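So the chains spell out like this:
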Amino acid sequence: MEPFGRLRSRTVVLPATDIDTDQIIPARYLTTTSRTGLGRHLFAGWRYTTDGAPQPGFALNRPEAAGCAILVAGRNFGCGSSREHAAWALYDYGIRVVISSEIADIFRSNALKNGLLPMVVDAGLHAWLLAHPGAELEVDLDACRLRLPDGRELPFTLESFARHCLLHGVDELGHLLAQTPAIEAFERQNGR
Amino acid sequence: MTPRTMFDRIWHAHEVVPETADTPAVLYVDLHLVHEVTSPQAFALLAARGLRVRRPDRTLATLDHSTPTATAELYGHVPMRDAAAASQIAALQRHAAATGIELLDIGDRRRGIVHVIGPELGATWPGSVVVCGDSHTSTHGAFGALAFGIGTTEVGHVLATQCLLQRKPRTLAVEVTGTLAPGVGAKDLVLAIIARLGVAGGTGHVLEYRGAAIRALSMDERMTVCNMSIEAGARAGLIAPDDTTIEYLRGRPRAPAAADWERAVAAWRALPTDSGAVFDHTETLDAGRIEPMITFGTNPAMGCAIGATIPARDDPSYRKALAYMGFAPGERLAGRRVDLVFIGSCTNSRLSDLRAAAAVLRGRRVAAGVRVLVVPGSEQVRTAAEAEGLAAAFVAAGAEWREAGCSMCLGMNGDIAAPGQYVVSTSNRNFEGRQGPGVRTLLASPATAAAAAATGCITDPREFAHRGD
Chain A
19 MEPFGRLRSR TVVLPATDID TDQIIPARYL TTTSRTGLGR HLFAGWRYTT
69 DGAPQPGFAL NRPEAAGCAI LVAGRNFGCG SSREHAAWAL YDYGIRVVIS
119 SEIADIFRSN ALKNGLLPMV VDAGLHAWLL AHPGAELEVD LDACRLRLPD
169 GRELPFTLES FARHCLLHGV DELGHLLAQT PAIEAFERQN GR
Chain B
58 MTPRTMFDRI WHAHEVVPET ADTPAVLYVD LHLVHEVTSP QAFALLAARG
108 LRVRRPDRTL ATLDHSTPTA TAELYGHVPM RDAAAASQIA ALQRHAAATG
158 IELLDIGDRR RGIVHVIGPE LGATWPGSVV VCGDSHTSTH GAFGALAFGI
208 GTTEVGHVLA TQCLLQRKPR TLAVEVTGTL APGVGAKDLV LAIIARLGVA
258 GGTGHVLEYR GAAIRALSMD ERMTVCNMSI EAGARAGLIA PDDTTIEYLR
308 GRPRAPAAAD WERAVAAWRA LPTDSGAVFD HTETLDAGRI EPMITFGTNP
358 AMGCAIGATI PARDDPSYRK ALAYMGFAPG ERLAGRRVDL VFIGSCTNSR
408 LSDLRAAAAV LRGRRVAAGV RVLVVPGSEQ VRTAAEAEGL AAAFVAAGAE
458 WREAGCSMCL GMNGDIAAPG QYVVSTSNRN FEGRQGPGVR TLLASPATAA
508 AAAATGCITD PREFAHRGD
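Protein sequences appear in the order of chains A and B.
The numbering used here numbers the first residue of the first sequence as 19 and each following residue consecutively.
The numbering used here numbers the first residue of the second sequence as 58 and each following residue consecutively.
Among the clues, some could well be false.
So these bits of chain A aren't anywhere near chain B, every CB distance computed over 12 Å [claimed, not checked]:
no., residue
1, SER27
2, ARG58
3, GLU102
4, PRO167
5, PRO173
Have a look at the derived ranges for each label pair, beta carbon to beta carbon [what the hints assert, rightly or not]:
no., chain 1, residue 1, chain 2, residue 2, range
6, A, THR68, B, ARG389, 39 to 49 Å
7, A, GLU20, B, GLY345, 52 to 62 Å
8, A, GLY75, B, ASP343, 22 to 32 Å
For the chain A half of the interface with chain B, some residues (derived, Cβ under 8 Å), not all of them [as the list claims (entries may be wrong)]:
no., residue
9, ILE124
10, GLU177
11, ALA200
These are calculated hints, taken from the structure and not from any lab test.
This one's a predicted model, so the numbers in the text were calculated from it and none came from an experiment.
Yeah, the Cβ is synthetic: ideal placement off N, Cα and C, and Gly gets one too.
With these hints in hand, go ahead and build the complete structure from the sequences.
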């Protein structure tokens, strides 16, 4: 996993609430056995017409969305299935931060394991971000602060271990493997 | 001693290392269920790191998601339509053989949807931790197990260490008082609960379903309720084990046997939440006020009583959902034409679900122009349904009787509907495009789905005199 340092980018906004993982990546693209190459199917149902052409008017298809690494979405982003393909597709497309006022549990967990920052902000800031697509933001994960175009710096919260892993690009598996003696002891003591 | 919730008890009994301010808990997993779609990248992770599967004996694999439900395709008489799906199935067969994980393969009489077979085999035990790379793992909570869906990276973690790093969630009690009215079932109950909580009402929480109406449910019905916990945003939903649970598990092939059985039952009886234990939140519903439910929008919380009119709401996402569905506020759902009926999925594909649907369809014909797909949850359900004449009743009515699998719940195996079609489905998600691009899904119970099949339009199942259980 790439370490997540500071990031500066304009936002692309999808204001719909409850964007589920079937929208992020439809199930027909889940027959892959790879983690990469899913970016072209990101939001496939909204992004393309039935004959596969770009859907005019969809936020990600507008010229100003090119290169945006921050996605601002309506409340409760990523609800639905546990498919990690949703996080893989966003990352493969180039998204590094997803901002919402609420992010679904399994998606949030999957995002953190793939260098994708799920950022939960308060309702006031969320409303401002939704109303200002294309805003240039700066994310400082070390300080857990988000800098707005007018220079204001606002805090966001992230669970401390997740922040540590993301910041240093370390994955959880190393930490878990280091617990092997405790796992062996647990199995012995509990008849597992 | 401080009174504890059942969730709290199970959590603490599985803490290998407790959580601290800086690190999540290391939580032990008793049973890891695996299927073909969310596992290949996890096996690749282990191979890349040179790791072995720590406990193949605590891992059970099946084929269900991208697996064909057409007999000729399933058994290789004709090639699978989707080459990628075929290679995904082959990958799990290869990984299971190489790692010593038991795979209930094509042709195995125990194969089926992962959340149907775990309980059916007696592998899901009260008080255990069960995980699977599938959000509907919450189903197993019906037994008083802490069961939740995980992503593929976490599937790799469990394969390698039998553990997960987890922060302790909060608790939400869903108290269902009273008695369900005749003709109202578990699916109606859970759709009503989700409509109340909303699709994010359970985020960050583990639910515990409680109260007289929950106690009165059979195990199949409890599984239907717990299955859809994730549709309210909750990763897990639990029901305390009782005589119903114990009688269900007794004698099943993977349930504890002999002296272990008595010991296990004693431990299970000590699991339920202590009186006086505190939940972070409580929601109360009166079961007696619930009617047969159906959804009209593009998330499972957008549901209402089948006789109601579609409510109006000043919200762009809500209007967008209704536009997708081709509905308008104030319209009545009952009487609207449907194109397809799907009876199946980990929510409603057990024998009692098929009995309820067959009770409506037996001796009747599927309405002209309607396609009906009935997909049993497992090979065992299929065999039992054929033995007691349910399959024959469906086929005589004009429905398609398929092999076990997830099928049109998520349309990964080619079982999809056409753009614009209306599908009354006993599955769990009505998201845009879930059953095929442009398809409009209406979630309902098996009885309601069967009533729609018989009449060709959305119909209150109570209009049919002879209902099943």
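Checked hints:
| no. | hint | result |
| --- | --- | --- |
| 1 | SER27 | holds (25 Å) |
| 2 | ARG58 | holds (15 Å) |
| 3 | GLU102 | violated (4 Å) |
| 4 | PRO167 | holds (25 Å) |
| 5 | PRO173 | holds (18 Å) |
| 6 | A/THR68 x B/ARG389: 39 to 49 Å | violated (30 Å) |
| 7 | A/GLU20 x B/GLY345: 52 to 62 Å | holds (55 Å) |
| 8 | A/GLY75 x B/ASP343: 22 to 32 Å | violated (45 Å) |
| 9 | ILE124 | holds (6 Å) |
| 10 | GLU177 | holds (6 Å) |
| 11 | ALA200 | holds (5 Å) |
Taken one by one, the earlier hints fail for this structure at numbers 3, 6, 8, listed in ascending order.
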